[in-house]
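Asker: Let's have the full structure, built from the sequences with the hints guiding it.
As a plain string of letters, each chain reads:
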Amino acid sequence: MPEFKPKTVYVTYIASTPEKVWDALTSSEFTRKYFWDRSIELERKLGGDFALLLPDGTANVRGKVIAWDPPHKFAVTWHVEWPAEFSKLPECHVTYELARAGEAVRLTLTESHSWDVPDAILSGGRSGWPAILSALKSLLETGKAPAIKMEPPVAMIEAIRNLKF
Amino acid sequence: MNSTGSSFVYVTYIRTTPERLWQALTEPEFTRQFWADTVQDCDWKVGSSWKLMIPDGRVADAGEVLEIEPHRRLVLSWQNQFKPELKAEGFSRLVYSLEQQGEMVKLTVTHQIGRPGSQFIEKVSGGWPIILSSLKSLLETGESLEATRRWPEGI
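Protein sequences appear in the order of chains A and B. Residue 1 is where the first sequence starts when you use this note's numbering, and the numbers rise one by one after that. Residue 1001 is where the second sequence starts when you use this note's numbering, and the numbers rise one by one after that.
It is worth saying that the hints were derived from the structure and are not from the lab. From the three backbone atoms N, C-alpha and C, an ideal C-beta is built for every residue, glycine too. Honestly, I wouldn't trust all of these hints.
Derived DSS-like pairs: lysine-lysine, alpha-carbon spacing no greater than 30 Å straight-line [claimed, not checked]:
#1 A/K45 <-> A/K7
#2 A/K149 <-> A/K64
#3 A/K33 <-> A/K144
#4 A/K5 <-> B/K1123
#5 B/K1123 <-> A/K7
#6 A/K45 <-> A/K88
#7 B/K1087 <-> B/K1123
#8 A/K64 <-> A/K164
#9 A/K7 <-> A/K64
#10 A/K20 <-> A/K5
#11 B/K1087 <-> A/K7
#12 A/K73 <-> B/K1123
Residues of chain B clear of chain A, computed beta-carbon distances all greater than 10 Å [said to hold, decoys possible]:
#13 S1007
#14 Y1013
#15 L1025
#16 T1038
#17 V1039
#18 K1051
#19 A1062
#20 I1068
#21 E1069
#22 Q1079
#23 K1087
#24 V1095
#25 G1117
#26 W1151
Answerer: Right under this line is the structure:
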């Protein structure tokens, strides 16, 4: 089993309850609103299947549930299936941890990798997660998720093309 | 972090305008709400001194304005004044960058210091996420996060 090391960590505080944040992370009704219209498909148990689906049903990401402790910790293996040229990337681990912080919830997102990932590839998650989790926070606090447009991750795509595996 | 320095970068997207966000970052009636009841003593010109004041009048951090482009970019030099071991690390550099993107403003906060393994950067890395989360709440809902409205006791 290779060792997965945290490479990207993002922390946000949300005026909500751990249960509501948990629902927002694990149900499609919410993910469609803040995660660029993706649905989450989830077997709600350790070892269960996990997927993020595009609106047309194409799998964007697939993986397995590796931590399931509602409403505290949720982790999955994360293999990008689409776009196809991203699928040669080794899977990473994505972990969400929730903790009460006064009247708010501290949500910590950690992306961990088993290999020496170039910064250009990490830049995809480093620009994506703040947008996704900012939209999640807005959705839970105001009832409305903003549309956050992102440029295509040009540096990441280029780095993936240049990978020697 | 790289081999010659330490840095912390935080990005958040806020449903507001660059003008309102700028006001929130610089004016005391806003900072008191999302930044632990602190105010900044500064006249916001290049070369001006900058101080972060806690409610009892002590100076928590001090520096000067290095660059200012209203509603877009603010660069400060920043030295902790409280803890001898943090003060001894010298001046850090803080950059706020504001960028309109549709109905949102992308705020990037970069805090750097020219030494590896900085305790100061480790300290601020723990503080910025809650302060900036509270700033986003304040601008989007009218209410900051409760935990950021007071200066912590005993500090």
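Asker: Can you list which hints this structure breaks, lowest number first?
Answerer: Violated hint (a single one): 14; every other hint is consistent with the structure.
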